[in-house]
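Colleague: Numbering (the numbering used here), first residue to last: 3 to 479.
If you're looking for bench data, these hints aren't it; they were derived computationally from the structure. Hints may contain errors.
[Stated by the list, open to error] Straight-line distance between alpha carbons at most 27 Å, and here's what the computed DSSO-like set of lysine-lysine pairs gives:
#, residue 1, residue 2
1, Lys68, Lys23
2, Lys193, Lys214
3, Lys226, Lys214
4, Lys193, Lys226
5, Lys65, Lys75
Fair warning: this is a prediction, and the values are worked out from it, not measured in the lab.
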Amino acid sequence: IQEQHNIKAEERLYFATLRSKPKSTANTHYFCTDDEFVYENFYADFGPLNLAMLYRYCCKLNKKLKSFTLTRKRIVHYTSFDQRKRSNAAVLIGGYAVIYLKKTPEEAYRALISGSNAAYLPFRDASFGNCTFNLTVLDCLLGIRKALQHGFFNFEAFDVDEYEHYERVENGDLNWIVPGKFLAFSGPHPKTKVENGYPLHAPEAYFPYFRKHNVTTIIRLNKKIYDAKRFTDAGFNHYDLFFPDGTTPNDIIARRFLHICENTDGAVAVHCKAGLGRTGTLIGCYLMKHYRFTAGEAIAWIRICRPGSVIGPQQNFLEEKQAALWSLGDNQHSQKAKQEERAVPHLITSMEELTLNPTHINTNPNAVIRYFCFMFQGEQTDTGLGLTQGDKLRALKSRRSPRPATTSALRLSMGATSPFKSTKYPTSSSSAAAKRIGKSPSSTMSNIRRSVIPKTSFITPFSPTSHHLLYNLLLFF
């Protein structure tokens, strides 16, 4: 009897690419989410799907796997030959395998590309121009696993309605990237109003939410639109680190951003114009320095939290700075470990001894700060400018139709915790980067059986590959 249960568990969950809609049978249950979980694009971008959709998918699949009526049936998640929908579906079931089946990203991805399965279309950024950086399905699975390891999300306590409420433009347009540490949001305006159909929020609209979620510091990356005193007079710290829309930060700005965040008690709310490009780029730098995210993992996780983030050359910038940021983080963590017994702070040391450039620059930190405070001073007013990339992205986002949810009116003070409800701001990591894997299946996956199902072009069983994993899978079911 035990052996029969093992076989059924191995053959329980499958992923398939089908040309037509199949009918469920006595032994097989088919379901598709292509039209249920739909990415809201800006331009030619098509995914990955956001964290709320990943959560809802996991709930849906858990319910099917626990359903008494489906106990003895194979469960097949099928998708179409639309390459964009297929890639999004692969991230959903691959993410489920990583989160709930305890697969490594490589194991999940290897199953997805096993046999005759065609390659998956890589994701692209939310810019209007040509794609210069490919974000793969594997990048997304690696980003999910890295975020899971560091406690960035916990689906057992995730408030999906709150997430979907606050990501709406009319409700603040904000998303947590690292719970308790980084909140990305759209830039505030001098007055709360609706302009050309776009809801604008004054700084004061965010005060209740920020206070309840221990946001102590605001970093503005775009030109001055509102007076920073409105935040500082309310007890918040406020910093201006301007660089032009659609561009990448220089080393002075990047180091200053990291220094501020490393010395801040409480959470940091970061914004540019739309809170996507510049905001995601600098938060990505922090993830890479302190958690050893690869550029692909950082971009993937940030986009899953806040779709459309990190745009154009900013993607290549993170890729180019990856090694330097890892070195910067390793050096700082090493110094901190050596000096932990003493109460003397050495937080500025890493800024003096390492730069994001390969060439060493001996810079006085006080001079850096003085220089930074005055750099671009003449460029920080928003007068006489045409529409920027941030303006266009924000306008596109504001036109999206509302989704049904249990939350309703604008309530920036909603809830006592973030939708992530993480128990604690997680510690940094120095784990090695995950290796990229090719299409050739490894020995650990060679025993996966392929099932013959009518009208199926590609089908992948998500089965355990050892008796130990099989035991865990049976416990999960």
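Colleague: If you check each hint against the structure, which ones fail?
Modeller: Going through the list in order, the structure violates no hint and respects every one.
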